[in-house]
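First to last, the sequence lines map onto chains A and L.
So the numbering used here is basically just the index in the first sequence, starting at one, shifted up by 235.
So the numbering used here is basically just the index in the second sequence, starting at one, shifted up by 72.
Honestly, the hints are just simulated from the structure, not real lab data.
Any given hint might turn out to be false.
[What the hints assert, rightly or not] Cut-off 25 Å, straight-line C-alpha distance, at most; resulting in silico cross-link-like pairs (DSS-like, lysine-lysine):
1. A:Lys315 with L:Lys76
2. A:Lys370 with L:Lys76
3. A:Lys240 with A:Lys320
[Unchecked claim] Sample of chain A residues at the chain L side, in silico, Cβ under 7 Å:
4. Asn285
5. Leu290
6. Pro309
7. Gly311
8. Arg317
9. Asn318
10. Phe323
11. Leu331
12. Leu344
13. Tyr346
Think of the CB as a built atom: it goes at the ideal place given N, C-alpha and C, for glycine as much as any other residue.
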Amino acid sequence: MIRLKGINKVYKRPDEGPLQVLKNVDLTVGKGEYVAIVGPSGSGKSTLMNILGLLDRADSGDYEIDGQSVAGLPAGTLAKLRNTKIGFVFQQFHLLPRTNAIENVEIPLIYSNADNPEQRAIDALKRVGLGERLKHYPEELSGGQQQRVAIARALVTNPELILADEPTGNLDKVSGEDLMGLFDQLNTDGRTIIVITHDEKLAERAKRVVRIDNGQLTEVRQSSNRSGATQMGEVA
Amino acid sequence: MNLKLLFAGSARMMLRHKTRTVFMAVGIIVGVSALVFMRAMGVGAEQAMMENINRTFSTSSINVLAGGGHMGPRAGGPVTTLKMEDFQAIEAAVPGVALWGVMQWVPKQDIRYQGITRQMSIYGYSDKPEAVWQRGIIQGEYFSAEDVDSASRVAVIGTNAAAGLFGTEDPIGKQIQVGSVPLRIVGVLEPQGIDTHGSDKDDEIHVPITTLMRRIMNVDHVFGGRVVLDNPAKVEAAAKQISALLRERHALAEGEPPDFVAITPKLVQDIVGNANRVLGRYLPAAAGVALLVAAIVIANIMLIAVKERVPEIGIRKAVGAENGQINFQFLSETVLVALTSGLMGAALGIIAAVSYGALSTTPMVVTPGAVLLGLGAAALVGIAAGVLPARQAAMLDPVAALR
Chain A
236 MIRLKGINKV YKRPDEGPLQ VLKNVDLTVG KGEYVAIVGP SGSGKSTLMN
286 ILGLLDRADS GDYEIDGQSV AGLPAGTLAK LRNTKIGFVF QQFHLLPRTN
336 AIENVEIPLI YSNADNPEQR AIDALKRVGL GERLKHYPEE LSGGQQQRVA
386 IARALVTNPE LILADEPTGN LDKVSGEDLM GLFDQLNTDG RTIIVITHDE
436 KLAERAKRVV RIDNGQLTEV RQSSNRSGAT QMGEVA
Chain L
73 MNLKLLFAGS ARMMLRHKTR TVFMAVGIIV GVSALVFMRA MGVGAEQAMM
123 ENINRTFSTS SINVLAGGGH MGPRAGGPVT TLKMEDFQAI EAAVPGVALW
173 GVMQWVPKQD IRYQGITRQM SIYGYSDKPE AVWQRGIIQG EYFSAEDVDS
223 ASRVAVIGTN AAAGLFGTED PIGKQIQVGS VPLRIVGVLE PQGIDTHGSD
273 KDDEIHVPIT TLMRRIMNVD HVFGGRVVLD NPAKVEAAAK QISALLRERH
323 ALAEGEPPDF VAITPKLVQD IVGNANRVLG RYLPAAAGVA LLVAAIVIAN
373 IMLIAVKERV PEIGIRKAVG AENGQINFQF LSETVLVALT SGLMGAALGI
423 IAAVSYGALS TTPMVVTPGA VLLGLGAAAL VGIAAGVLPA RQAAMLDPVA
473 ALR
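Can you build the whole structure from these sequences, using the hints too?
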């Protein structure tokens with residue numbers, strides 16, 4: 236599914252010297268994996284997330300998604316890949332205000348040619364358990380419900396990969412547990428999930444944990460000891 | 073790209089930011105309604121004037137007047153070089169002349185009838201005046217060709233002049249007096265109202281031109297004449313031939329200004345058209361200023377909106393919007409606001425023009441062209457105002473936008 240090889244990313248800073256956020260990062264994530272990327276603030280997690288999500292480009296190194304190298308692809312092709320292959324979930328939900336749940340979930344479909352967008356949006360909302368809140372505005376929903384709308388938005392184009400950046404960061408404990416359950420469910424259904432988190436509970440739910448520190452990636456746990464977890468051998 | 077969803081989103085955005093939308097709309101509504109209203113006024117004035125001209129000046133005729141285009145009094149007295157013989161020569165030399173007539177006139181003469189004196193203008197015409205000058209008789213008859221040949225002491229009279237002299241009595245057969253010349257009324261002129269110079273065409277008398285020149289004015293030149301051609305298509309060529317012939321007959325040297333002017337319908341329409349273009353152009357230009365201000369206001373509001381909507385733009389890009397799609401989306405939002413306001417402005421302008429036309433004597437004519445011009449201007453304002461904000465939105469870095 237995803238293969239990073241020798242990824243480097245350097246930020247130029249006007250006053251101090253250049254800052255290397257990612258150093259020779261290698262990461263391979265197979266189809267159907269559930270990976271947590273953990274690490275302290277400023278470790279390069281978000282930069283890695285942006286590169287994985289095709290929102291940012293690496294300075295050097297190879298990034299292949301489904302066997303296709305993205306290094307030289309034009310911005311339009313990257314946008315298309317984001318639309319079809321990747322669903323984003325953010326810490327701040329990033330829902331459009333004063334826009335109801337269906338309309339929020341429909342947004343990715345504006346930029347695709349999928350037919351029947353409203354039905355797709357409704358189906359996605361039902362899948363995250365919000366079938367009763369279709370016409371609600373974000374302002375009328377709890378944090379947990381808002382994050383579910385965001386997940387429905389990530390699912391509506393039926394992408395293989397869900398990229399989540401601190402998805403429980405703004406949720407209370409109960410909502411956070413709910414969300415983890417939802418992620419487990421999505422993974423059981425065969426979806427690949429990469430989640431960046433501080434939340435140790437969330438990392439525990441993942442089948443594989445990698446740690447990033449000072450821009451360097453290290454494998455923490457290859458497979459979960461929980462029952463039904465993917466075995467090491469299955470990981471490509 | 074799903075345009076239906078996109079436009080639905082744009083419409084929602086407009087409705088949710090009502091104050092912003094209203095501010096964007098007002099300038100365009102004012103500008104477009106003013107544009108439609110003023111065009112209606114300009115077209116109405118032009119049509120009214122053209123109708124007036126066409127009524128008195130048929131499309132196949134050329135008016136030849138003494139003097140090089142100077143109407144009314146001029147230094148050195150009247151030009152006396154244009155003669156009836158000039159028109160006889162035109163008939164002989166220019167192909168396609170169906171009719172012609174000459175005229176002379178004298179303003180404000182004392183006309184007496186049984187102790188009543190009334191001042192009125194006397195016009196002298198050659199034969200077939202009804203056909204040449206397009207004015208008929210409603211009672212009695214016009215003077216005849218014999219009357220013109222023999223300088224008969226006969227006259228036809230306008231309705232107001234007749235009422236002033238004879239009251240309710242039948243004017244036919246009445247004897248009036250101009251100076252020492254007695255004239256017998258043989259007909260009453262078809263009423264024509266006030267002409268473009270402001271004189272009452274119903275307060276005048278018409279006599280055979282020979283009677284006027286020999287018995288009343290004692291001159292041998294004419295004021296002008298009209299040449300009617302058998303086909304409107306021959307007018308411009310005939311006008312050139314007439315000019316050449318008259319220059320030769322009047323022995324004008326090369327470069328010397330003419331002592332006559334040949335006025336064709338096209339020339340009149342050009343002159344009137346020019347006068348109306350002032351009305352038709354400068355007033356809409358004022359509306360254009362309103363639209364320019366609207367464009368600046370809209371561009372500013374949209375630039376602020378783009379700043380406010382940075383996270384939204386980031387999200388749209390993250391879920392797969394290409395730069396071009398974001399650009400199109402923001403541009404379509406401004407164009408949507410502009411076109412909607414343009415439609416409202418056009419409707420308002422039409423209502424205002426029609427009501428004003430109904431409530432006043434000003435002729436107002438709303439043309440589809442004016443409405444299309446208004447809508448086109450609105451769309452143009454939308455595009456012009458939207459380009460920069462849309463570009464800014466499209467160029468946003470999604471990583472920075474989502475931070």
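Here is what the structure says about each hint:
This hinted pair checks out: Lys315 (chain A) and Lys76 (chain L) have alpha carbons roughly 19 Å apart, not beyond 25 Å. Distance hint between Lys370 (chain A) and Lys76 (chain L) is fulfilled; the C-alpha atoms sit about 19 Å from each other, no more than 25 Å. Restraint check for Lys240 (chain A) and Lys320 (chain A): the C-alpha separation of about 20 Å stays at or below 25 Å, so the hint holds. Among the interface hints, the one on Asn285 (chain A) holds; its C-beta lies about 5 Å from the nearest C-beta in chain L, closer than the 7 Å criterion.
For the restraint placing Leu290 (chain A) at the interface with chain L, the shortest Cβ-Cβ distance is roughly 5 Å, inside the 7 Å limit, so the hint holds. Violation of the interface hint for Pro309 (chain A) is found here, the shortest Cβ-Cβ separation to chain L being roughly 10 Å, above the 7 Å cut-off. Nearest Cβ of chain L to the Cβ of Gly311 (chain A): about 5 Å, under the 7 Å cut. The hint holds. Hint on Arg317 (chain A) holds. Least Cβ distance to chain L is approximately 5 Å, under the 7 Å limit.
About 2 Å separates the beta-carbon of Asn318 (chain A) from the nearest beta-carbon of chain L, less than 7 Å, and the hint is met. The closest approach between the C-beta of Phe323 (chain A) and any C-beta of chain L is roughly 5 Å, which is under the 7 Å cut-off, so the hint is satisfied. The interface hint given for Leu331 (chain A) holds, since its Cβ lies 6 Å from the closest Cβ of chain L, which is under the 7 Å cut-off. At its closest, the beta carbon of Leu344 (chain A) sits 6 Å from a beta carbon of chain L; the interface hint therefore holds under the 7 Å criterion.
Checking Tyr346 (chain A) against chain L by beta carbon gives a least distance of about 5 Å; that is within 7 Å, so the hint holds.
Hint compliance for this structure: hint 6 is the single one not met.
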